[in-house]
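2 protein chains.
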Amino acid sequence: MLKNHIRPDDGLDKESRKEETKRLQELLTAQQPALREAKLPVVVMVEGWAAAGKGGLINKLISDVDPRFCSVFSLDADRRDADRYPFLYPFFSALPENGKMLFMDGGWMEAAIRDRLCGGLGKEEYRQRILSVNRFERQLRDNGYLVVKLFVHISEKEQAKRQKELLSDRETAWRVSDSDRQQNKEYDRFLDAYEEFMTATGDVFPWHVVDGSGMKKLNYDAFCLLTEAIGASLAAGKICGEPFEADFAMAPTPRLSEVDLSPRLEEAEYRKELDALQERLSRLHNRIYRKRIPVIVCFEGWDAAGKGGSIRRLAYPLDPRGFETWPIASPEPHELARHFLWRFWTRLPRSGHVAIFDRTWYGRVMVERIEGFCSEKDWQRAYNEINEFEADLHDWGAVILKFWLQIDQETQLARFTERQNTPEKQWKITEEDWRNREKWPLYEEAVSDMLEKTSTEAAPWHIIESNDKFYARIKVMRTVADAMEQALKDRN
Amino acid sequence: MLKNHIRPDDGLDKESRKEETKRLQELLTAQQPALREAKLPVVVMVEGWAAAGKGGLINKLISDVDPRFCSVFSLDADRRDADRYPFLYPFFSALPENGKMLFMDGGWMEAAIRDRLCGGLGKEEYRQRILSVNRFERQLRDNGYLVVKLFVHISEKEQAKRQKELLSDRETAWRVSDSDRQQNKEYDRFLDAYEEFMTATGDVFPWHVVDGSGMKKLNYDAFCLLTEAIGASLAAGKICGEPFEADFAMAPTPRLSEVDLSPRLEEAEYRKELDALQERLSRLHNRIYRKRIPVIVCFEGWDAAGKGGSIRRLAYPLDPRGFETWPIASPEPHELARHFLWRFWTRLPRSGHVAIFDRTWYGRVMVERIEGFCSEKDWQRAYNEINEFEADLHDWGAVILKFWLQIDQETQLARFTERQNTPEKQWKITEEDWRNREKWPLYEEAVSDMLEKTSTEAAPWHIIESNDKFYARIKVMRTVADAMEQALKDRN
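Listed in order, the protein sequences are those of chains S and Y.
Per the working numbering, the very first residue in the first sequence carries number 19; after that it's consecutive.
Per the working numbering, the very first residue in the second sequence carries number 19; after that it's consecutive.
These aren't lab readings, by the way, just hints derived from the structure by calculation.
Take these hints with a grain of salt, some might be off.
Repeated chains share a single entry, so a pair holds when one copy, or any two copies, can fit it.
To be verified - Taking lysine to aspartate or glutamate pairs in the EDC-like style, the calculated list, with each CA pair at most 20 Å apart, reads:
1. 395 / 284
2. 179 / 38
3. 57 / 350
4. 175 / 413
5. 443 / 82
6. 57 / 176
7. 507 / 28
8. 457 / 189
9. 179 / 204
10. 446 / 55
11. 256 / 246
12. 234 / 297
13. 457 / 386
14. 443 / 55
15. 309 / 189
16. 32 / 451
17. 487 / 44
18. 179 / 206
19. 487 / 428
20. 443 / 44
21. 235 / 246
Sequences are here, hints too, so could you generate the full structure?
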């Protein structure tokens with residue numbers, strides 16, 4: 019029973035509690051520069067019953083924290099459009115930067131349980147969410163985040179009393195929503211759901227149940243738990259998690275060394291196929307849009323392999339109201355200061371849209387690995403972190419296409435040289451491209467590892483033989499069109 | 019008549035037009051690195067009749083442009099939630115970075131006319147929008163943007179034919195919205211509105227009417243106009259506009275030299291007032307939230323004047339679901355690469371929310387002026403650019419509160435010294451604070467100019483005597499509460 023897990027009373031008298039609360043509040047204020055120094059990001063998730071006082075508690079907790087280093091997330095304000103994005107989207111998007119704190123007024127517990135009990139979410143989908151939440155929390159821990167999870171508990175009677183009070187005043191009545199009322203009517207059903215959720219998600223970061231019946235005790239308990247958790251994290255230092263095993267169903271691993279780069283397409287044939295495929299993609303995009311199926315197309319490949327050209331041909335027949343192209347360069351400071359997948363989560367397409375990524379999250383296990391922009395543990399862990407990310411996208415219903423554009427070294431040299439010698443193409447070739455070319459064997463190893471470890475059934479890699487640009491473009495477009503068609507069939 | 023302004027036929031035969039189009043498309047591709055070099059941002063706004071082929075035209079225009087340097091904005095996709103933000107919000111938010119191109123499928127013309135003809139927007143409000151659009155375009159020009167405005171024209175008959183075609187196919191029928199049909203039914207009414215709008219907004223960037231009846235001619239015309247405009251801009255170099263006069267109704271100018279810094283408040287009195295004001299603000303925030311009135315509170319002041327402390331007391335009684343605090347530091351690269359107000363437009367509160375800015379857009383005329391982070395023309399122009407920004411916020415219905423927290427040099431020294439000598443406060447004081455202190459006279463001059471030039475009736479400055487922190491905090495809170503109360507009265 020939830021009540022048995024509640025933080026016990028420590029028998030402080032009124033005056034001592036007041037003093038202790040003040041001391042702890044000062045401690046939190048003092049911990050903040052230390053968090054900044056340690057670059058430790060903190061997420062404080064305040065969950066609990068409607069009318070339990072979560073908003074008031076958060077305001078008390080942040081009242082002496084420098085607003086430059088903390089922000090507040092509100093589940094209700096941030097889940098508009100929630101049905102067009104994956105479950106974790108609002109939470110991932112809200113992640114704080116290193117050294118900053120985020121306070122959440124309702125989080126992934128409330129969102130999951132509300133969808134299950136009030137939104138008709140099926141049992142299997144709910145199970146998937148629990149899985150996804152546990153992966154998310156592990157990823158946060160492994161990437162150095164501290165998550166403090168509080169559940170503010172009040173009794174059925176107390177909740178009824180508070181809701182009645184709120185409803186009796188015109189100024190506050192709007193705060194009691196229909197689903198809040200439902201919660202009180204079906205208190206036991208919600209209680210079971212909360213307990214089950216806490217049991218299922220208590221492994222990575224523990225749940226703390228706090229008593230919401232009295233505001234002063236509540237504030238005191240929360241300050242205790244928060245400062246303790248921060249103190250422990252500061253003492254332990256920022257965590258960089260170990261690589262881990264995961265058992266994703268894998269697709270056959272494509273092997274670079276076995277790729278036959280000889281396929282070619284004559285120009286006349288190319289033009290014919292191009293017209294037909296663009297016509298087909300245009301019609302498919304229409305249907306994808308109406309069925310609200312999200313499509314994510316990822317382009318990776320050697321420099322000068324022809325990513326840009328393929329992307330342009332693919333995008334041309336798509337309705338610009340329904341697709342975005344995301345060129346991915348080095349991360350900006352505010353991106354570097356967060357989980358490495360944050361900048362991709364925040365660029366996901368709405369359902370029904372197509373997002374094309376010109377380079378992707380796989381930079382983690384290629385350029386970041388090779389150039390030492392992250393630690394070895396970081397990139398080794400990233401294979402499965404990426405598999406988990408793509409599993410979330412797949413479960414959401416996305417069509418995911420990952421292309422590796424393969425060319426040989428001779429072809430790259432010829433294209434580099436042509437760029438160098440053609441005035442209007444010179445901007446496409448930089449010193450860095452030549453430097454990267456020298457690292458061909460290192461990249462080859464990294465690419466092979468990537469193909470082996472991340473070609474899951476949910477999101478397999480497609481190798482595109484790209485020595486001949488005509489052949490490559492047509493293969494990309496046909497693969498996308500086939501996948502869209504299949505997804506439309508599966509949905510019918 | 020619109021038809022008379024249409025780009026005339028140049029009598030090219032089919033084959034020559036095809037070749038010319040290809041040449042122009044290559045020219046556009048070649049102009050792109052030059053745009054990047056010149057850091058020139060380009061907005062291509064494609065307006066026109068429903069079913070005129072805007073989407074297809076945009077796809078053709080971008081088909082050979084490197085996707086890393088261009089993006090597409092779609093009016094329909096980006097105006098969800100439009101009723102919770104100022105009119106210009108989606109357009110300002112979509113602005114491209116220096117050296118990049120944005121293609122807009124429908125822009126501020128369509129948005130304004132739709133609201134007027136289909137959304138019940140009043141005549142006076144519409145007039146305000148035209149004004150606001152003209153200011154916006156001038157600001158874009160003065161800040162180095164090129165805006166190319168195309169209107170794709172088709173006849174009533176042609177539109178009817180195309181809509182019929184689209185509607186006859188299940189795959190494409192959804193593309194014809196109710197308002198598209200209304201447009202064809204009331205073609206002449208829309209025609210008048212388009213013409214009127216173009217006449218009223220053609221001064222800063224001219225309108226180009228292009229014939230949409232044939233796709234090939236349309237593409238050719240658009241490539242001509244676009245490459246011509248870009249060529250001219252590249253030749254002229256990036257514009258940095260001159261400061262300009264504007265006749266805003268001004269509030270009495272507060273003068274720093276006349277501020278009496280002696281007011282104080284005893285602690286007992288402070289505690290009493292604080293409790294009462296927090297109670298009052300909490301109730302007012304409820305009502306503001308329900309009435310959907312946006313509130314924007316700006317804090318500026320000397321280092322150590324007490325901004326942080328005032329913000330915390332003000333925020334404490336507010337519902338965290340309905341306010342955000344924005345600490346403003348130096349701009350990040352993607353912010354620096356855009357209009358200096360971009361990072362503030364994108365942080366505006368939704369209607370009903372309170373946004374608190376800890377430092378603001380006034381950095382332009384203080385630190386950026388003094389440190390030379392922008393040119394003299396830039397900061398001199400900024401006074402009225404800011405006045406225009408705040409006028410937009412005011413017209414939207416926002417309550418705007420601008421506080422200057424004033425202390426004298428002795429008080430600052432005492433507070434700096436205390437910070438230096440108190441271990442848990444040392445992080446608050448940096449070398450830079452001491453350096454800024456040495457520039458006191460320069461800042462004093464900048465602040466005086468700012469108060470004189472930006473204290474408009476719509477958004478007057480409030481000077482807060484802050485030698486005594488208790489007095490300052492109470493005055494801030496009371497000013498905010500009074501303004502909220504007044505706004506609620508005005509709305510009733």
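Verification of the supplied hints:
| no. | hint | verdict |
| --- | --- | --- |
| 1 | 395 / 284 | neither (46 Å within a copy, 57 Å between copies) |
| 2 | 179 / 38 | neither (29 Å within a copy, 77 Å between copies) |
| 3 | 57 / 350 | both (17 Å within a copy, 18 Å between copies) |
| 4 | 175 / 413 | neither (39 Å within a copy, 47 Å between copies) |
| 5 | 443 / 82 | between (56 Å within a copy, 13 Å between copies) |
| 6 | 57 / 176 | neither (40 Å within a copy, 62 Å between copies) |
| 7 | 507 / 28 | neither (61 Å within a copy, 49 Å between copies) |
| 8 | 457 / 189 | neither (66 Å within a copy, 49 Å between copies) |
| 9 | 179 / 204 | within (15 Å within a copy, 57 Å between copies) |
| 10 | 446 / 55 | between (40 Å within a copy, 13 Å between copies) |
| 11 | 256 / 246 | within (16 Å within a copy, 55 Å between copies) |
| 12 | 234 / 297 | between (66 Å within a copy, 18 Å between copies) |
| 13 | 457 / 386 | within (13 Å within a copy, 43 Å between copies) |
| 14 | 443 / 55 | between (45 Å within a copy, 14 Å between copies) |
| 15 | 309 / 189 | between (42 Å within a copy, 11 Å between copies) |
| 16 | 32 / 451 | neither (68 Å within a copy, 42 Å between copies) |
| 17 | 487 / 44 | between (64 Å within a copy, 19 Å between copies) |
| 18 | 179 / 206 | within (17 Å within a copy, 61 Å between copies) |
| 19 | 487 / 428 | within (15 Å within a copy, 72 Å between copies) |
| 20 | 443 / 44 | between (60 Å within a copy, 11 Å between copies) |
| 21 | 235 / 246 | within (16 Å within a copy, 71 Å between copies) |
Checked against the numbered hints above, the structure violates hints 1, 2, 4, 6, 7, 8 and 16; every other hint is satisfied.
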